[in-house]
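Protein chains: 2
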Amino acid sequence: MLSCLTWSVCTHRVINAEKSEFNEDQAACCQISIRRREPGLEEDEEWLILCSTQYLTGSYWALFDGHGGPEAAIIASNYLHYCIKQKLEEAVGGITEVHPPMHLSGRCVCDSDPQFVQEKQIHAEDMVVGALENAFQECDEVIGQEMEATNQTGGCTALAALYLQGKLYVANAGDSRAILVLKDNIVPMSCEFTPETERQRIQHLAFLFPKLLDGEFTRFEFPRRLKGDDVGQKVLYRDYFMEGWGYKMVEKADLKYPLIHGHGKQARLLGTLAVSRGLGDHQLKVIDTNIEVKPFLSCIPKVNVFDFALHDIKEDDVLIMATDGLWDVLCNKEVAHTVRSFLAENRTNPHRFSELAKCLVCRARGKKTGHQWMLDDSHEASYDDISVFVIPLHNRDADC
Amino acid sequence: MLSCLTWSVCTHRVINAEKSEFNEDQAACCQISIRRREPGLEEDEEWLILCSTQYLTGSYWALFDGHGGPEAAIIASNYLHYCIKQKLEEAVGGITEVHPPMHLSGRCVCDSDPQFVQEKQIHAEDMVVGALENAFQECDEVIGQEMEATNQTGGCTALAALYLQGKLYVANAGDSRAILVLKDNIVPMSCEFTPETERQRIQHLAFLFPKLLDGEFTRFEFPRRLKGDDVGQKVLYRDYFMEGWGYKMVEKADLKYPLIHGHGKQARLLGTLAVSRGLGDHQLKVIDTNIEVKPFLSCIPKVNVFDFALHDIKEDDVLIMATDGLWDVLCNKEVAHTVRSFLAENRTNPHRFSELAKCLVCRARGKKTGHQWMLDDSHEASYDDISVFVIPLHNRDADC
Numbered sequence: 001m002l003s004c005l006t007w008s009v010c011t012h013r014v015i016n017a018e019k020s021e022f023n024e025d026q027a028a029c030c031q032i033s034i035r036r037r038e039p040g041l042e043e044d045e046e047w048l049i050l051c052s053t054q055y056l057t058g059s060y061w062a063l064f065d066g067h068g069g070p071e072a073a074i075i076a077s078n079y080l081h082y083c084i085k086q087k088l089e090e091a092v093g094g095i096t097e098v099h100p101p102m103h104l105s106g107r108c109v110c111d112s113d114p115q116f117v118q119e120k121q122i123h124a125e126d127m128v129v130g131a132l133e134n135a136f137q138e139c140d141e142v143i144g145q146e147m148e149a150t151n152q153t154g155g156c157t158a159l160a161a162l163y164l165q166g167k168l169y170v171a172n173a174g175d176s177r178a179i180l181v182l183k184d185n186i187v188p189m190s191c192e193f194t195p196e197t198e199r200q201r202i203q204h205l206a207f208l209f210p211k212l213l214d215g216e217f218t219r220f221e222f223p224r225r226l227k228g229d230d231v232g233q234k235v236l237y238r239d240y241f242m243e244g245w246g247y248k249m250v251e252k253a254d255l256k257y258p259l260i261h262g263h264g265k266q267a268r269l270l271g272t273l274a275v276s277r278g279l280g281d282h283q284l285k286v287i288d289t290n291i292e293v294k295p296f297l298s299c300i301p302k303v304n305v306f307d308f309a310l311h312d313i314k315e316d317d318v319l320i321m322a323t324d325g326l327w328d329v330l331c332n333k334e335v336a337h338t339v340r341s342f343l344a345e346n347r348t349n350p351h352r353f354s355e356l357a358k359c360l361v362c363r364a365r366g367k368k369t370g371h372q373w374m375l376d377d378s379h380e381a382s383y384d385d386i387s388v389f390v391i392p393l394h395n396r397d398a399d400c
Numbered sequence: 001m002l003s004c005l006t007w008s009v010c011t012h013r014v015i016n017a018e019k020s021e022f023n024e025d026q027a028a029c030c031q032i033s034i035r036r037r038e039p040g041l042e043e044d045e046e047w048l049i050l051c052s053t054q055y056l057t058g059s060y061w062a063l064f065d066g067h068g069g070p071e072a073a074i075i076a077s078n079y080l081h082y083c084i085k086q087k088l089e090e091a092v093g094g095i096t097e098v099h100p101p102m103h104l105s106g107r108c109v110c111d112s113d114p115q116f117v118q119e120k121q122i123h124a125e126d127m128v129v130g131a132l133e134n135a136f137q138e139c140d141e142v143i144g145q146e147m148e149a150t151n152q153t154g155g156c157t158a159l160a161a162l163y164l165q166g167k168l169y170v171a172n173a174g175d176s177r178a179i180l181v182l183k184d185n186i187v188p189m190s191c192e193f194t195p196e197t198e199r200q201r202i203q204h205l206a207f208l209f210p211k212l213l214d215g216e217f218t219r220f221e222f223p224r225r226l227k228g229d230d231v232g233q234k235v236l237y238r239d240y241f242m243e244g245w246g247y248k249m250v251e252k253a254d255l256k257y258p259l260i261h262g263h264g265k266q267a268r269l270l271g272t273l274a275v276s277r278g279l280g281d282h283q284l285k286v287i288d289t290n291i292e293v294k295p296f297l298s299c300i301p302k303v304n305v306f307d308f309a310l311h312d313i314k315e316d317d318v319l320i321m322a323t324d325g326l327w328d329v330l331c332n333k334e335v336a337h338t339v340r341s342f343l344a345e346n347r348t349n350p351h352r353f354s355e356l357a358k359c360l361v362c363r364a365r366g367k368k369t370g371h372q373w374m375l376d377d378s379h380e381a382s383y384d385d386i387s388v389f390v391i392p393l394h395n396r397d398a399d400c
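From first to last, the protein sequence lines are chains A and B.
Under UniProt numbering, think of the first position of the first sequence as 1, with each following residue one higher.
Under UniProt numbering, think of the first position of the second sequence as 1, with each following residue one higher.
Please keep in mind that the hints were generated in silico from the structure rather than gathered at the bench.
Some clues are possibly wrong.
Intra- or inter-copy, both count: the list cannot distinguish identical chains.
Claimed, not checked - List time: in silico DSSO-like cross-link candidates among lysine-lysine, alpha-carbon distance up to 30 Å:
hint : residue 1 : residue 2
1    : LYS285    : LYS368
2    : LYS120    : LYS302
3    : LYS211    : LYS285
4    : LYS358    : LYS252
5    : LYS167    : LYS367
6    : LYS294    : LYS211
7    : LYS211    : LYS302
8    : LYS256    : LYS167
9    : LYS302    : LYS265
10   : LYS252    : LYS333
11   : LYS368    : LYS120
The structure presented is a predicted model; accordingly, all values stated were derived computationally and were not measured.
Please put together the full structure from these sequences, using the hints given.
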C-alpha cells in the first residue's frame, strides 16, 4: 500500500489481489515543479532562471501494469515523472502563454509568426500534450537501455494523470483506464490499446514490412484459426484496410498462426502480448523464434484533456484510475455506482477517499468460495493484480 | 445536369459553377441488382443461380470530384457501381443472413463455427461495409490500368451512398461530404480526408520510408515554412506521433519543403494535392522530381452506416451529398436551414427535391458583382465545381 499527499486530499491504494506470488502493478504520485523561464530570456542566460523562484507546479499520478516481470514497471514508476518534468521544462515558454511563441526564445524572426501560430490553433494545452507524448517516448528509450544493461526483460502499460494550470491531462498507453465520476455523469478519460482495438495499425505494419512476420504468422484476421479442411473454401476474413468483412479463398499460407489471435482478454499479439501499447519489451521475441514484438508495439500515449474551468465540480466528484484488474470485472457504471453510494454514506469520514479505493479493490478481488474467488453477484472475480487511485477533484488547488 | 429515378423520388443536380472551362465533377446513380445465392448452393452449381429469379436490389448514388483532368472521375462514375455490385455478389451469402456463415458455401467445417462468427459480432452489415471497401480498391486498380493504357493522368475523390436492406451506407474517400438533414437534427455521414486531417498517417509513412521523400521534403510540421534565420532556434513542430506540439532545434534539413504545407483549403500534400484519399493518381509525380504521390494516398473509404429501422423518418428528411464546391462556402447548419425552409415553402411542388438541389448549387455559386462572385451574405462565393444530390428518405422502399 502507498500513501501520499499531493493536493488537498489525494488518496490511493495499491493492493495486490494476493492470488499470485508477485504484484506486477506499480504506482507513483508526486508533485512536479517546473522551472518557469523568464519571457525573452536567452538559453545561455539560464543561470538567471536558477536565481528566480518562479515555479509552475503540477500534480502527477500514474499506474504501471508490468508483464514478464515487474522491472519495467518499477523503472517507469521511478522515471516517467522525471521525463515529464524535463519535457515540460523544455517547452515551458509555450506552456505559460495562451498562444505559445513560434520561437522558444521569444524572438520574432518573421513579423507574421504570431499569426501563423494562431492559424494553426496552437495553445498552451497542446504543448503539455506534446510534452507528455515525448516523455513517454523518452521513458521507453531509458527503459530499453536500462533493461539491456542489466540483462532484464519485460514491459508495462502506463496510465499517467497530470493536473496543471486548471486542466487534467490523462495519458494512456495500454489497457488501464481512467474515468471521471461526476455527480451527473461519467467522463471516460482514456481508451484501451489492445491487439483487438489496434488491429488495423498492427496488420498494416505487417503489410508494409512482411519480413517482420518471418513467414511464421498470417496478417489476415479470420473468426478462428484455420485448418487443413478450410483450404480451398471461401471463409470470412479482414485485412488491414477493412473495418467490414469479406470472404477469402483459403490458401495454405493462411493456415499460419494469426498475427492477432483470440477474443477479449484472450486476444494476443503474435501469440505473446495482451496489450499493443506500453513501455519496455525491447528484447521480447516470440517464443522459439527470432520474431521481435517491439516493432508492433507503440509507446505513444493518447492524451485526453479535461478543462475544469468548463465544469462545476462537486464535492464528491473524483478521478478513478485503475489497472485492468478492476475493469475486467467491473464496468464504468458499476464503479460509478460504488463511488457515489460509498461517498454518500461516508460523508463525515476524513479517510473516505482512501477507504473507497480499498472498497473498489476488495469488490473486484471478490471473496474466496472453496477454490474460487467470486464477486457479490456470483460472477468470477479478478485474478489479476488490482490497483486503484481515487483522486478527489474538489478544492484541487488548495495545496497547489 | 443529370436526372434519374431510382426510388420513389430521387433527384439530383450537377451544375458546373460555370466559372471555369471544364467541370471535373462527375455523378452517377443507378439501381444495383445483386444475384442471391441459394443457401448451401455450391459454387460449381452456379448455373442454378442463373435459373433463379431472386435478386437483392440496392440504390446507389455517387459523386466524383476530379483533379488533373476529368478522366479518372469519368472512369469511376462508369465503373465503381459495377465493382460494388461484383463485391456484393461475392459476399451475398453473408449479406442475406443475420450472422454470415463462416464458409461462403454454407458448409460447417467446425461445429463451433457459428459461435466464432457470433463472438466476433459479424453481421450482414459488416459484409456490405467490407464489399464497399474492396470495391473502392478494385476500382482504383482499374483506373490505374486504364489511365496507363491510354496514357492519361489525374485522379478523383469518391463519395458513394448505397441503400440496401433498410440501411444507408455512405463510403467516402476525399473531401466531398454527405449529411442527413432530419426534422430535428443533422447526422454527418462522412468525414473529409485531406493532408491536414490525415497528417499523422502521412508523416508516419514518411518516417517508415524516408526514401519516398527523396531528400526533397521534411516530414516535420512547422507553423510556417522555415528559413535560414530559423536555423539554430527552437521552433514549434509536430512529428507523426504527436497530437500536441513541442519545440525543435532547427537544423538545415528542416528548411526543406514540408511534406504537408498550408492551412485549410490551401493545404497540400507534397505541394501537389489537396486531398489524401481518392481514386487514380497512379502516375502523379511532384513537379520536376521523381517523387511519387500515390504511396501517400489511400483509396480506402471510411464507411458510415445509418439504420432506418432505428429512426422515424419524416416526409422532408433528406440525404444531401455534395462535392467540396458546396461545403467550402456553406456549413452543415446553413445547408440544413436552406433544406428545411425550402421544403416547407414548397410542400405541394412535385419537383421540390430537384429544385432544392438547384437552389443549393445556386446559393453556393453566388451572384456576379463586378468581377467577383459573391454569396448573399457578401462573403466570396465558391469558385470550384459544385455538385449536389438531394435524396428524399421517406417512402424509400416504394420502388425498391
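Next on the checklist: Regarding LYS120 and LYS302, is the shortest C-alpha distance of 30 Å or less found within a copy, between copies, in both, or in neither?
Outcome noted: both (20 Å within a copy, 26 Å between copies)
Checklist entry - Can you tell me if LYS358 and LYS252 fall within 30 Å by alpha carbon in one copy, between copies, both or neither? => result This pair counts as neither: shortest intra-copy Cα distance 53 Å, inter-copy 56 Å.
Checklist entry - When no copy is specified for LYS368 and LYS120, does a C-alpha distance of 30 Å or less occur within a copy, between copies, both, or neither? => result neither (57 Å within a copy, 32 Å between copies)
Next on the checklist: At most 30 Å between CA atoms: does that hold for LYS256 and LYS167 within a copy, between copies, both, or neither?
Outcome noted: neither (48 Å within a copy, 36 Å between copies)
Checklist entry - Taking 30 Å as the upper bound on the Cα-Cα distance, should LYS211 and LYS285 be classified as within, between, both, or neither? => result both (14 Å within a copy, 28 Å between copies)
Checklist entry - Is it within, between, both or neither when you check LYS294 against LYS211 at 30 Å Cα-Cα? => result Classified as both; 14 Å inside a copy, 23 Å across copies.
Next on the checklist: My question is about LYS285 and LYS368: at a cut-off of 30 Å on alpha-carbon distance, are they close within one copy, between copies, both, or neither?
Outcome noted: Close neither inside one copy (36 Å) nor across copies (67 Å); limit 30 Å.
Next on the checklist: Checking an output row: LYS302 and LYS265, CA cutoff 30 Å. Within, between, both or neither?
Outcome noted: both (21 Å within a copy, 28 Å between copies)
Item to check | Copy assignment of LYS167 with LYS367, given that the CA separation must stay at most 30 Å | outcome: neither (39 Å within a copy, 47 Å between copies)
Item to check | Status of LYS333 relative to LYS252 across identical chains (alpha carbons, at most 30 Å) | outcome: Neither: 46 Å inside a chain and 53 Å across chains, both beyond 30 Å.
Checklist entry - Given identical chains, is LYS211 near LYS302, meaning Cα to Cα at most 30 Å, within a copy, between copies, both, or neither? => result both (28 Å within a copy, 28 Å between copies)
The structure fails hints 1, 4, 5, 8, 10, 11 (numbered hints given earlier, in ascending order).
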